[in-house]
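Visitor: Spelled out from the first residue to the last, the chains are:
2 protein chains.
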Amino acid sequence: MLKIGIDAMGGDFAPEVAIEGAVMALDRIDAESRIVLFGDEKRIRELLAQHGCAAERFDIVATTEVIEMGDHPAKAFIGKPDSSITVGFNHLAEGKIDGFASAGSTGAMLVGSMQVIKPIEGVIRPVISSAIPVVKNRRALLLDVGLNVDAKPEVLAQYGLLGSIYAESVLGIERPRVALLNIGEEEAKGNAQVKATFELLKADKRINFVGNVESSYIFTGKVADVVVADGFVGNTILKMAEALYRINDRLGGGKSRLKSFLRPLLGRISEKLYYQSDFWDAMNYESVGGTPVIGINAPVMIGHGGSSAKAICSMICSMEREIKADLAAKLRKALRA
Amino acid sequence: MLKIGIDAMGGDFAPEVAIEGAVMALDRIDAESRIVLFGDEKRIRELLAQHGCAAERFDIVATTEVIEMGDHPAKAFIGKPDSSITVGFNHLAEGKIDGFASAGSTGAMLVGSMQVIKPIEGVIRPVISSAIPVVKNRRALLLDVGLNVDAKPEVLAQYGLLGSIYAESVLGIERPRVALLNIGEEEAKGNAQVKATFELLKADKRINFVGNVESSYIFTGKVADVVVADGFVGNTILKMAEALYRINDRLGGGKSRLKSFLRPLLGRISEKLYYQSDFWDAMNYESVGGTPVIGINAPVMIGHGGSSAKAICSMICSMEREIKADLAAKLRKALRA
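Chains V and P, in that order, are what the protein sequence lines are. Letter by letter, the first sequence follows residues 310 to 646 of the numbering used here. Letter by letter, the second sequence follows residues 310 to 646 of the numbering used here.
Just so you know, the hints here were simulated from the structure itself, not pulled from any lab data. Heads up, some of the hints might be wrong.
Since copy identity is lost for identical chains, a pair holds within one copy or between any two.
To be verified - Straight line, CA to CA, 20 Å or less: simulated PhoX-like cross-link-like pairs of lysine-lysine:
1. K548 to K427
2. K639 to K389
3. K427 to K619
4. K639 to K619
5. K312 to K405
6. K405 to K633
7. K461 to K498
8. K548 to K498
9. K633 to K312
10. K639 to K384
11. K504 to K461
12. K384 to K427
13. K531 to K312
14. K619 to K514
15. K619 to K511
16. K514 to K504
17. K504 to K642
18. K461 to K511
19. K642 to K427
20. K639 to K514
Build the full structure now, drawing on both the sequences and the hints.
Guide: Structure follows, in C-alpha cells:
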C-alpha cells in the first residue's frame, strides 16, 4: 500500500481546503493508495464529517503545532517539533509514508527536504521544478523555478539530468528533449553562465540535449520537454505565466461564469476556441498542483500558498504518480553510473 | 518640419509592407511631420502608385544597396555604404532627418546607433526597451530587452534613470515609478547582480524608485511604470509575452476572423471580455511598433523583422512621439546634473 502524506494545516485556507482537496482526491487515486493527513485531529474529523466522508478512509496523524507563514522556517522547523510539517518529514524519513506534500511554508518544506530527507549523493543542488502546459495537452518541465540563483554551470547542467529522469519516469515522456533556456538559438548566445552550461550539457551523453530554447518556444512544446534555467530566470518565467493566466482569467477567460456558460457553445463553433480554454486552464496552477523538490531521497511536493481544493487534489495525484515512479531510486542509479 | 526617416528596405516583407505602413501612417502623424523613405526609388514609387498615393507626400532618398539578414552587421554597415540603413544613419547624424527607424537587421541598427549616432556622454551602456501593455490601456516600459547581458549593477541602475526620463517625456507618465525586476519583493531577495543594483537605485534621488517588482506584477501596472532588468531576463520576458500573445491569438484570440466577428457581440455581453481583447491586442508587437534605442544622441527605433504594415505604421507614430519629446536633450541634461 502506497501512503501519501498531506499536511492538513498547510496553505492560506487550511485546514478547510486541504481536507476538501483530500476528499476530492479519494476518487482519483488508486484503491491501494492511502492518504495520510497530518494535523489537528479534532478539526480534521469535523471537516471530514461535514463532507460526509468517513474518517476511516484516511490515516490521521495528530499534531498540535503549525508552522505559520510568518515564522522563521529553520527555527520553526526545530522549535515546533510537533508541527504538521516537522512530523510529516519525520514520518517520511522513517518510511512511514512514501511522500509528503504541503501548501504551507515553502521555507519549512525546503528545510525538511534538505536537512531531514537530504540530497541524494552526487546531487550538487536539489532543485524545484514546475510542470508547464504546452499546447496539445502535453506537459513540459521547467527547472529551476526559484531555489538556486547565481547557479554555477555544473549545477545548471545537472538540472538537465535530474529533469530528464523526472520527465521520463514521472511524466512518461520517452527520451525527453532537454534544452537550455537562452535568448537565442545559436550556440554562442547568452550570458557567461549559460554559455558555460551549454558546453557541459552538450558533453553529457546521458541526456538528449537539443540545444538552446528561447522563452518564445517553451509553451509550444515544439522544442523541449525539459527546460533548464537559473532559479532567477525560471522563477520569473513561472510567475509571469501565472500572472498572464490570472489576467486572462480575470478578463473573462478561465473559470469565469460567463466562460463556463459560453464554453460548450464556443466548443461547437470552433475547436480552436475550445483548445484555448484548455491551454489557459492548464496554465492554472490548480491543475499543476505542486512543485516537486527534485534531487532528494524521497518525494516532497510544495503547493502554492493560495491553493484551492482542486489544487490540493491535483497535488495529491501528482504525488501519487511521483511515488510510483520511484524517482529517487532512478536518480541514485543515474548518479552512480 | 519634423522628418521621420524610415528604412523602406527593412524587414522580412520589405519594401511592400514598409511602404504600406508608411502610407497608413500619413493620416496618423501631424500635418507638419514628413516621412523620409530610404531605399530603391523606382520600387518605392511603383508601390506608392499601387496604393494610389502621390509620391510627393514623402521625401525619398534613393539608395542602391540592402543589408540582408544574413550579412555580418558591422561588416555590411561599412561594406555597403549605399545601403538604406547606412545612408539613413548618415542622414540622421547630419541632422537631415530627426529620427531613423527600420525593421531590418537589428545588428546593423545597433552598429549605426553605437558608431554613428554614439552614446550620450555619461551613458555607460545604451539600452533597448519595449513598451509593454498593462491592463486599463496604459503602458509600462521594460528595459533592457536584450542588448546587454551580464550587466554590471551600475549599468542596470542607470537604466532606471534612462527609463524614467523616457517614460516621462515620451510616454507622458508623470514621476514614473521605477522598479527592479526581482524574484521577491523584499530588499534582500535575488541574485548578486540585483542585490547590488537595488542599493544603487535606492540611492538615486533623481528617480522615483519603488523597490522590487516580481514578473507577476509587471503586466498589471499596479507597481511600476519602468521595469529594470538585465538583458537576459528582459529578453526572456519579452519573448515569452510575444509567444503567449501568439498562442492566444492562434488559439482563437487576437485577430482571428472568428474573434473579429464575435468581438462586438462579446463587447455587448461583457465588458470584461471586451477588455480581454484589448489587453491581448496591446500585447501584440504590431501595436507596440518598435524598440527604441535609449541613451544615444538621436532617436533610433528597431522594428520586428516580421513587421506587418500595421507594425511599421505604429513604429512611425512612436518615432514621431519620441522626436517631439526630444529625449536625447533631456537625457543629456539629466546626466550633466
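Visitor: If a hint holds in the structure, say so; if it doesn't, say that too.
Guide: Here is what the structure says about each hint:
In this homomeric assembly, K548 and K427 never come within 20 Å of each other (Cα to Cα): the closest approach is 27 Å inside a single copy and 37 Å across copies. In this assembly of identical chains, K639 and K389 lie within 20 Å of each other by CA distance neither inside one copy nor across copies; the values are 33 Å within and 58 Å between. For the identical chains of this complex, K427 and K619 are neighbours neither inside a copy (30 Å) nor across copies (56 Å), given an alpha-carbon limit of 20 Å. Within a single copy, K639 and K619 get their C-alpha atoms no closer than 30 Å, and across copies no closer than 53 Å, so neither meets the 20 Å cut-off.
Taking CA atoms no more than 20 Å apart as the test, K312 paired with K405 passes inside one copy only; the shortest distance there is 8 Å, against 76 Å between copies. Proximity of K405 to K633 under the C-alpha cut-off of 20 Å is restricted to the intra-copy arrangement: shortest distance 16 Å within a copy versus 71 Å between copies. In this assembly of identical chains, K461 and K498 lie within 20 Å of each other by CA distance both inside one copy and across copies; the values are 17 Å within and 18 Å between. In this assembly of identical chains, K548 and K498 lie within 20 Å of each other by CA distance solely across copies; the values are 15 Å between and 24 Å within a copy.
In this assembly of identical chains, the alpha carbons of K633 and K312 lie at most 20 Å apart only when taken from the same copy (11 Å versus 68 Å across copies). Within a single copy, K639 and K384 get their C-alpha atoms no closer than 33 Å, and across copies no closer than 52 Å, so neither meets the 20 Å cut-off. Taking the shortest alpha-carbon separations for K504 and K461, both the intra-copy value of 11 Å and the inter-copy value of 18 Å come in at or below 20 Å. Proximity of K384 and K427 under a CA criterion of 20 Å is satisfied intra-copy only: 18 Å inside one chain copy versus 55 Å between copies.
Proximity of K531 to K312 under the C-alpha cut-off of 20 Å is found in neither arrangement, the shortest distances being 36 Å within a copy and 44 Å between copies. For the identical chains of this complex, K619 and K514 are neighbours neither inside a copy (39 Å) nor across copies (47 Å), given an alpha-carbon limit of 20 Å. In this assembly of identical chains, K619 and K511 lie within 20 Å of each other by CA distance neither inside one copy nor across copies; the values are 40 Å within and 41 Å between. Taking the closest pair of Cα atoms, K514 and K504 come within 20 Å of each other only inside a single copy of the chain (18 Å); across copies the shortest separation is 37 Å, beyond that limit.
In this homomeric assembly, K504 and K642 never come within 20 Å of each other (Cα to Cα): the closest approach is 28 Å inside a single copy and 39 Å across copies. Taking identical chains as interchangeable, the C-alpha atoms of K461 and K511 lie at most 20 Å apart only when both belong to the same chain, with a minimum of 16 Å there against 28 Å between chains. Taking CA atoms no more than 20 Å apart as the test, K642 paired with K427 passes inside one copy only; the shortest distance there is 16 Å, against 57 Å between copies. In the homo-oligomer, the alpha carbons of K639 and K514 lie at most 20 Å apart inside one protomer (17 Å), although the nearest pairing across protomers, at 55 Å, exceeds that limit.
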